[in-house]
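Number of protein chains: 2
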Amino acid sequence: MSTYPFQFEIEEPTLLLDKQKCVQNIKQLVGKAKKSNINLRPHFKTHQSHEIGTWFKEYGITCCTVSSLRMAQYFSEDGWNDITVAFPLNYLEADRINTLASKINLNLLVSVPGVLPKLLKKLKYQVGIFMEIDTGYHRTGVDPTDDVALECIMEEIALSPLLKLEGFLSHAGHTYNYSSKSDVEDIHLEEVRILNGLKDKYKSKYPGLKLSIGDTPSVSMMDHFSGVDELRAGNFVFYDLTQSIIGSCSLDQIAIALVCPVVATYPERKEIIIYGGGVHFSKDSLKNEDDSTSYGAVVRMNSNGWELPPTKMFVKALSQEHGIIHASEEDINNIKPGDLLGVLPIHSCLTADAMGSYVTLKGERISKLASS
Amino acid sequence: MSTYPFQFEIEEPTLLLDKQKCVQNIKQLVGKAKKSNINLRPHFKTHQSHEIGTWFKEYGITCCTVSSLRMAQYFSEDGWNDITVAFPLNYLEADRINTLASKINLNLLVSVPGVLPKLLKKLKYQVGIFMEIDTGYHRTGVDPTDDVALECIMEEIALSPLLKLEGFLSHAGHTYNYSSKSDVEDIHLEEVRILNGLKDKYKSKYPGLKLSIGDTPSVSMMDHFSGVDELRAGNFVFYDLTQSIIGSCSLDQIAIALVCPVVATYPERKEIIIYGGGVHFSKDSLKNEDDSTSYGAVVRMNSNGWELPPTKMFVKALSQEHGIIHASEEDINNIKPGDLLGVLPIHSCLTADAMGSYVTLKGERISKLASS
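Protein sequences, first through last, are from chains E and C.
Every letter in the first sequence is one number past the one before it in this note's numbering, and letter 340, counting from 1, is 340.
All you need for this note's numbering is the position in the second sequence, starting with 1, plus 372.
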């Protein structure tokens, strides 16, 4: 085990970004969307970075999705002028909505009746409205069979010319519970069927409604899309171990690894302690085959970034700043304090959010939105 | 359920800090330490805030503990000039160590042999060294019966006049697994016994070695301390649900609550959706009595902050920005989008770390260290 092989120094937990893999992930989905003649409105909640946003621009992407108005504000400051906030409308943020809607094409999500009239008390500029439909994930959105709720929201939209119904939006987050292409395909096709049913039902009153979908498993595992207008996936930009287990990506598509200094080894317990804890990784976990818990898979660093496949080492526990790695006897004897180990994240969205910036394989620091 | 009763507006997830409770927690431990004639070197990793640090200063505290050199740097910038970094020495950060040690009294922690010689290649200023002893938590530290390792580290310290052995330090984190005063007391007394054994053993060569301990359950549940020189607890500044279950605090000592806007309610599922997710709470959880998982207990807001006891509602699931609250039929019919609910955190250190700032009950924003 040698120290870090690059031309720049890493001395603390650092979120290393393999730009080439990341751009390849972008390129692949852009190509797929183009082939299906469908709009790609990538979700930027995963990377939350101006610079990574520009990598999408280079592939012709001109609109994006975010999960908060703060994030919409951040991307609007970098020239993004067509943004959907794919999170249930929080009318308490009416001032932010006005500021944004005065400058850009802003779409909001309505997931229950009763919130738009509250927004209208303060709204000054036109906004697009997507109605969120619950196609089976059961987190948020209107039950597609609940005509009363659907029509109530439509009546609320009709209250003001500042509100324009853009279409129906859904997030089939239940694909995360499956790991076969056919299961994911079934969920996706059911989602498309439900949304098209609604589109048909209301087409006389609202012609040309758009249908927007967007979970990473569906967009990754399906080869072709029909019956919808827009894809909103986000995680695919980095992928992670969760997605690789679902089957959305191969391990070599994972574009980030948290590089952590080893600070202690305890051979008798087969444990390596890294500087890198819950505040860096976040605390999402997966079960290993033997039912032990993993907070990340350990990779060794090389001059191309990190080596694959991952080692058999994994992060077995996290304190605030400590990570505890389970190692084999062989690993533990080759690894010393001061070495750097990489960890492929369980859930890249949360790990990226926890970290303040990225560093590319060339040592360039890439900034991102700070926490609120 | 009325909207937020204070004179300032909350429109997004906000970490509300009850300064009075926080100062009372500080005052209580300061008083206890004084009574036992023991130094209090509070761990600032929980709050990570200059301003909250000054509240300790007002009670005569002049030294602190941190968990990273970044944090040491941050507090040194606000006049703290006696800081212990209670995290295994990461010699890759030798430059930061030199910068700090050139200005302040800096103590470092050594948890394994072999790292000090690496540090010495770059060290330019004197630092204090605490040897970390594993008194049973088995995360980091030297086995107190491992004379070879102990003496190896002592020989490393003797290599340079820049290294001064200050004493033995331990963190009895295994108290977190218990919830009776007698169990916590047993762990504490065993820790004190082990550390004193080492002090005695090496007193002829190293007279006056200090003994430093510091978990929140011990310092909270014990009334008197003897046989040690220093307490380093940190979590007590805010406490949290985990500590209240252990028995370290009462619910009314918990000094922070994450206030979140309700954005949707789904009465048929008894679920309330809040704007507040994994990126705000972090993802530590506890088990409810019926074995369901809780990411926080819901409190109602009133003009004094929040009402106790907590409601029966709890956060049952977290996505990146969504929190899903389990509610009773009665609750769900009284709560509407736009209402604000408070959530007492499971683990205040991680929730505080995830959030960028605090807001007091008077609406004053308190800044803290940003993520790396």
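FYI, nobody ran anything at the bench for these hints, they're computed from the structure.
Among these hints, one or two may not hold up.
[What the hints assert, rightly or not] Here are the in silico distance ranges between beta carbons for each label pair:
{"hint": "1", "chain 1": "C", "residue 1": "GLY735", "chain 2": "E", "residue 2": "GLY247", "range": "24 to 32 Å"}
{"hint": "2", "chain 1": "E", "residue 1": "THR54", "chain 2": "C", "residue 2": "ALA530", "range": "48 to 56 Å"}
{"hint": "3", "chain 1": "E", "residue 1": "ASN333", "chain 2": "C", "residue 2": "GLU527", "range": "36 to 44 Å"}
{"hint": "4", "chain 1": "C", "residue 1": "SER729", "chain 2": "E", "residue 2": "ALA317", "range": "28 to 36 Å"}
{"hint": "5", "chain 1": "E", "residue 1": "SER226", "chain 2": "C", "residue 2": "SER622", "range": "57 to 65 Å"}
{"hint": "6", "chain 1": "E", "residue 1": "LYS121", "chain 2": "C", "residue 2": "PRO681", "range": "33 to 41 Å"}
The C-beta atom is built at its ideal place from N, Cα and C for all residues, glycine as well.
Results of checking the hints against the structure:
no. : hint                            : result
1   : GLY735/C - GLY247/E: 24 to 32 Å : violated (49 Å)
2   : THR54/E - ALA530/C: 48 to 56 Å  : holds (55 Å)
3   : ASN333/E - GLU527/C: 36 to 44 Å : violated (22 Å)
4   : SER729/C - ALA317/E: 28 to 36 Å : holds (29 Å)
5   : SER226/E - SER622/C: 57 to 65 Å : holds (59 Å)
6   : LYS121/E - PRO681/C: 33 to 41 Å : holds (35 Å)
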